[in-house]
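So the protein sequences, as listed, match chains X, G, W and R.
Mapping of the first sequence onto my numbering: position 3 corresponds to residue 3, and the numbering continues sequentially without gaps.
Mapping of the second sequence onto my numbering: position 100 corresponds to residue 100, and the numbering continues sequentially without gaps.
Mapping of the third sequence onto my numbering: position 84 corresponds to residue 84, and the numbering continues sequentially without gaps.
Mapping of the fourth sequence onto my numbering: position 19 corresponds to residue 19, and the numbering continues sequentially without gaps.
Keep in mind that the hints were calculated from the coordinates and are not lab data.
Note that this is a predicted model, so its numbers are computed, not measured.
Every residue gets a Cβ at the ideal spot worked out from N, C-alpha and C, and that includes glycine.
Take the hints with a grain of salt, since some may be wrong.
Cross-link-like lysine to aspartate or glutamate pairs, in silico, EDC-like; alpha carbons within 16 Å at most [stated by the list, open to error]:
(1) W:102 <-> X:61
(2) G:66 <-> R:111
(3) R:63 <-> G:92
(4) X:88 <-> W:61
(5) G:28 <-> W:11
(6) X:59 <-> W:61
(7) R:115 <-> G:19
(8) R:59 <-> G:61
(9) R:66 <-> G:111
(10) W:63 <-> X:61
(11) G:115 <-> R:19
(12) R:102 <-> G:61
(13) W:66 <-> X:111
(14) G:59 <-> R:61
(15) X:102 <-> W:61
(16) R:88 <-> G:111
(17) X:115 <-> W:19
(18) W:88 <-> X:61
(19) G:88 <-> R:61
(20) R:59 <-> G:92
(21) X:59 <-> W:92
(22) W:59 <-> X:92
Reference listing, derived: stretches of chain G covered by chain X, where coverage requires no fewer than 3 residues with Cβ under 8 Å from a Cβ of chain X [claimed, not checked]:
(23) 3–16
(24) 19–29
There are 4 protein chains.
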Amino acid sequence: MREFRYRFRVEFYDVDSMDVVWHGNYVKFLEAARCAFLRDVGFEYMNFRDIGVVLPIIKMEFKFIKPLFFGDECEIRVRLNEYETTLKLNYEIYKDNTLIAKASTAQAYVDIDNKLTLFSVPEPFLKALRSRYEI
Amino acid sequence: MREFRYRFRVEFYDVDSMDVVWHGNYVKFLEAARCAFLRDVGFEYMNFRDIGVVLPIIKMEFKFIKPLFFGDECEIRVRLNEYETTLKLNYEIYKDNTLIAKASTAQAYVDIDNKLTLFSVPEPFLKALRSRYEI
Amino acid sequence: MREFRYRFRVEFYDVDSMDVVWHGNYVKFLEAARCAFLRDVGFEYMNFRDIGVVLPIIKMEFKFIKPLFFGDECEIRVRLNEYETTLKLNYEIYKDNTLIAKASTAQAYVDIDNKLTLFSVPEPFLKALRSRYEI
Amino acid sequence: MREFRYRFRVEFYDVDSMDVVWHGNYVKFLEAARCAFLRDVGFEYMNFRDIGVVLPIIKMEFKFIKPLFFGDECEIRVRLNEYETTLKLNYEIYKDNTLIAKASTAQAYVDIDNKLTLFSVPEPFLKALRSRYEI
Chain X
1 MREFRYRFRV EFYDVDSMDV VWHGNYVKFL EAARCAFLRD VGFEYMNFRD
51 IGVVLPIIKM EFKFIKPLFF GDECEIRVRL NEYETTLKLN YEIYKDNTLI
101 AKASTAQAYV DIDNKLTLFS VPEPFLKALR SRYEI
Chain G
1 MREFRYRFRV EFYDVDSMDV VWHGNYVKFL EAARCAFLRD VGFEYMNFRD
51 IGVVLPIIKM EFKFIKPLFF GDECEIRVRL NEYETTLKLN YEIYKDNTLI
101 AKASTAQAYV DIDNKLTLFS VPEPFLKALR SRYEI
Chain W
1 MREFRYRFRV EFYDVDSMDV VWHGNYVKFL EAARCAFLRD VGFEYMNFRD
51 IGVVLPIIKM EFKFIKPLFF GDECEIRVRL NEYETTLKLN YEIYKDNTLI
101 AKASTAQAYV DIDNKLTLFS VPEPFLKALR SRYEI
Chain R
1 MREFRYRFRV EFYDVDSMDV VWHGNYVKFL EAARCAFLRD VGFEYMNFRD
51 IGVVLPIIKM EFKFIKPLFF GDECEIRVRL NEYETTLKLN YEIYKDNTLI
101 AKASTAQAYV DIDNKLTLFS VPEPFLKALR SRYEI
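Okay, chain X solo, but in the shape it has when bound:
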């Protein structure tokens, strides 16, 4: 299983009065990385919507190890942890070779119309995943 890498730069508006990235902004970094990962897979939120599925976050966890500063250039390494009943991704944020933070998210596959959780991976997404990752 390969990992997907997403690069970003810390902006001025990301930083709080302690001169480090405000912890809540890591949620944005993860989302940008996750969307880039799905773009790379070839099946994005728009594609899910087209088949009547949305992917609300049902769980997220963060461990902050070192601070990030304005102007830092970073990399998020995204790994697919689970996709069968929920979509679980693990993230590691690096600045150069220093581990800055670890995180994970879990998303449900939810039917747009009846709002029910599907508990199984939508077929077209599974197909896209398989064509890109060895699962």
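With the hints as your guide, set chains G, W and R onto chain X.
Structure of chains G, W and R alone, referenced to chain X:
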């Protein structure tokens, strides 16, 4: 024409690395004040949606005079400037009796379905405005 | 051990294109609740700073159960989980009597000057906690 | 006078419940473009700080012409409008060849220590500007 007053407190996440409120966060303060104003009028975004109208911001202007700090308790004074063809509001942000910032927003009345600008105030909103303000 | 309650309203800017509160905004809600909790204790971030201590978030976890919508009025129930070596708080977000989300945060006590983690609760904070909570 | 171009992508967290970019997020786009412009000039916020100067925003204006959607790839064209007593920049946001929004910001040159506005461009910044732009 009376003015509407909205109170808020500056949170830690509002403050940037210069220890003052980041200028972009004033857009949030205005929106919260504007929604409170419409709640007071008795005709909110939900009510607009029910009659098939949305109110996108088409213009906004800010003048920043003094900084705000974490924990500051402030007041926004909202005044109705125009409502006939677009909704224009003026805002003054005060900390105690010190003027912190001035701002204005303009919103179009837009038909949800065909995305066309109406250029005239929806009747139910006008009625609600009139029952509350001397216009 | 009593719990502290903090009330807030969901604003328009909190909501995403699925018409529900974007998951990242819960981090803000928690921070506002946490600061209100510390205000209630009588020992805020400013007081920590005055004794040379900052409290970076080192861990946070969220479980999202039900969605929140624009205009919802909610309550966060904050409970002190640990304070001896790190400050750990648990949060439950309620709309009326429905549990919306559960979360927890852990903060280190860090010396501002040498950036070292203290691993023990600063005395003035402990005193303030004890005068308010039965610990 | 050349213009500086900055590219960005609209993320999911930028979009509001009307499925378009929330107006307040344009402030972030501008700041990222402005910082990239200063990076290109070779004199960034950090360099200002090193010579004891900060650049608070004292004015900003936005005109929104067309909406932006999740996933849109855009370009901001930044033009230097004034630098002698305040730093004024003009911005045009384009998606392909469609003008999406126009904006401007004004920043004061402020002495970090005494908080006084300088009303004149700091010499090292002027030098950097001149080596990059024909002014």
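Structure-based check of all given hints:
With a C-alpha separation of about 12 Å, the suggested pairing of residue 102 of chain W with residue 61 of chain X holds against the 16 Å cut-off. Distance check on the hinted pair: residue 66 of chain G and residue 111 of chain R sit about 15 Å apart at the alpha-carbon level, within 16 Å; holds. Only pairs whose Cα atoms come within 16 Å are accepted, and residue 63 of chain R paired with residue 92 of chain G is rejected, the gap being roughly 20 Å. At most 16 Å may separate the alpha-carbon atoms for a hinted pair to count; residue 88 of chain X and residue 61 of chain W meet this at roughly 15 Å.
For a cut-off of 16 Å, the pair hint linking residue 28 of chain G to residue 11 of chain W stands: about 9 Å separates their Cα positions. Straight-line distance between C-alpha atoms of residue 59 of chain X and residue 61 of chain W comes to about 8 Å, which keeps the hinted pair within the 16 Å bound. This hinted pair checks out: residue 115 of chain R and residue 19 of chain G have alpha carbons roughly 13 Å apart, not beyond 16 Å. For the hint linking residue 59 of chain R to residue 61 of chain G, the alpha-carbon distance of about 8 Å falls within 16 Å, and the restraint holds.
Annotation: proposed proximity of residue 66 of chain R to residue 111 of chain G holds, straight-line Cα distance about 15 Å (limit 16 Å). A distance of roughly 9 Å separates the Cα atoms of residue 63 of chain W and residue 61 of chain X; the hinted pair therefore holds under the 16 Å criterion. Restraint check for residue 115 of chain G and residue 19 of chain R: satisfied, since their Cα atoms lie roughly 13 Å apart, inside the 16 Å limit. Restraint check: the Cα-Cα separation between residue 102 of chain R and residue 61 of chain G comes to about 12 Å, which is no more than 16 Å; the hinted pair holds.
For the hint linking residue 66 of chain W to residue 111 of chain X, the alpha-carbon distance of about 15 Å falls within 16 Å, and the restraint holds. This hinted pair checks out: residue 59 of chain G and residue 61 of chain R have alpha carbons roughly 8 Å apart, not beyond 16 Å. Using a Cα cut-off of 16 Å, the hinted pair residue 102 of chain X and residue 61 of chain W holds, with the two alpha carbons roughly 12 Å apart. Between residue 88 of chain R and residue 111 of chain G the alpha-carbon distance is near 36 Å, which puts this suggested pair outside the 16 Å criterion.
Between residue 115 of chain X and residue 19 of chain W, the direct Cα distance comes to roughly 13 Å. Compliance with the 16 Å bound is thereby established for this hinted pair. Pair hint residue 88 of chain W plus residue 61 of chain X holds up; C-alpha atoms about 15 Å apart against a cutoff of 16 Å. Between residue 88 of chain G and residue 61 of chain R the alpha-carbon distance is near 15 Å, which keeps this suggested pair within the 16 Å criterion. A hinted pair counts as satisfied when its Cα atoms are at most 16 Å apart, and residue 59 of chain R with residue 92 of chain G qualifies at roughly 14 Å.
Taken as a hint, the residue 59 of chain X and residue 92 of chain W pair is honoured in the structure, with Cα atoms around 14 Å apart against an allowance of 16 Å. A C-alpha spacing of about 14 Å is found between residue 59 of chain W and residue 92 of chain X, which places the hinted pair at or below 16 Å, so the restraint holds. With a threshold of 8 Å between beta carbons, the proposed coverage of the region 3–16 of chain G by chain X holds, since 4 of its residues qualify and at least three are required. Judged by the Cβ-Cβ criterion of 8 Å, the region 19–29 of chain G is covered by chain X as claimed, because 3 of its residues qualify and three suffice.
In summary, the numbered hints that this structure violates are 3 and 16.
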